[in-house]
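Q: Numbering of the sequence shown is given in the numbering used here, commencing with residue 7 and proceeding in unit increments.
Since the hints were derived computationally from the structure, they do not count as laboratory data. Don't take every hint at face value.
[Stated by the list, open to error] Computed Cβ-Cβ distance ranges for the label pairs, DEER-style:
1. 22 with 149: 33 to 43 Å
2. 66 with 123: 38 to 48 Å
3. 185 with 78: 47 to 57 Å
4. 98 with 34: 35 to 45 Å
For glycine and all other residues, C-beta sits at the position ideal for the given N, C-alpha and C.
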Amino acid sequence: MVPVGGVEVMLAGTAASGLLLAGLALLLQRRTGVVWAWAFAGLLWSLVVIGLLTLLPAQADPGVVYADERLGVCSFDLGGPAPDGFWILSGGQRLLNVLVFVPSGALLVVVAARWRSGWVTVPLGLAALAAYSVGIEWTQLELARIDRACDVTDVVDNVTGAALGVAVGLVLVVVLRPWRARHPRGGR
């Protein structure tokens, strides 16, 4: 069995998906405008990166987790078992859990602002980001092989990050005005 996981695999997946989604943005920008196309591709990329960071084992070969050793329930200890330090940011896992969802919340607002229904779409999108976080934690609980722990604190931190991102996105919308289709050749 080939081990899949570790920082190198996460970085490779991040780079590959970034290139793929940059290509999507280039294809879309003529039809939708530069700002919206790159915001849409960025939103998709942020969701892929979150998936890579949370659903791949942190170590290249996590070993075997036997059925009787795996956790049967999610930790509801608010504050959770998160270590003080973490392998990416020295500020701790909770800080990372907040920061990783900020771009998704911000880009959600920029994408949704293109339509008049944005005032409905943004809260629904925020709920979808919360559901994504819950889905990640459920997957971590069910797939003991990825050597991750399900923790309700992660959901709280992720939703906090997404909400902060929405606030950032509200500022970005005023500056970027994504409802305007800006064509690279000065059209419109």
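Q: Should the hint that residue 98 and residue 34 are 35 to 45 Å apart at their CB atoms be regarded as holding?
A: About 37 Å separates the Cβ atoms of residue 98 and residue 34, which means 35 to 45 Å holds.
Q: Taking 33 to 43 Å as the hint, is the beta-carbon distance of residue 22 and residue 149 inside that range?
A: violated, 22 Å
Q: Is it true that the C-beta distance of residue 185 to residue 78 lies inside 47 to 57 Å, as the hint says?
A: Between residue 185 and residue 78, where Cβ atoms are some 49 Å apart, the hint holds.
Q: Are residue 66 and residue 123 spaced within 38 to 48 Å by their CB atoms?
A: Roughly 44 Å apart at Cβ, these two residues keep to the hinted range, so it holds.
Hint compliance for this structure: hint 1 is the single one not met.
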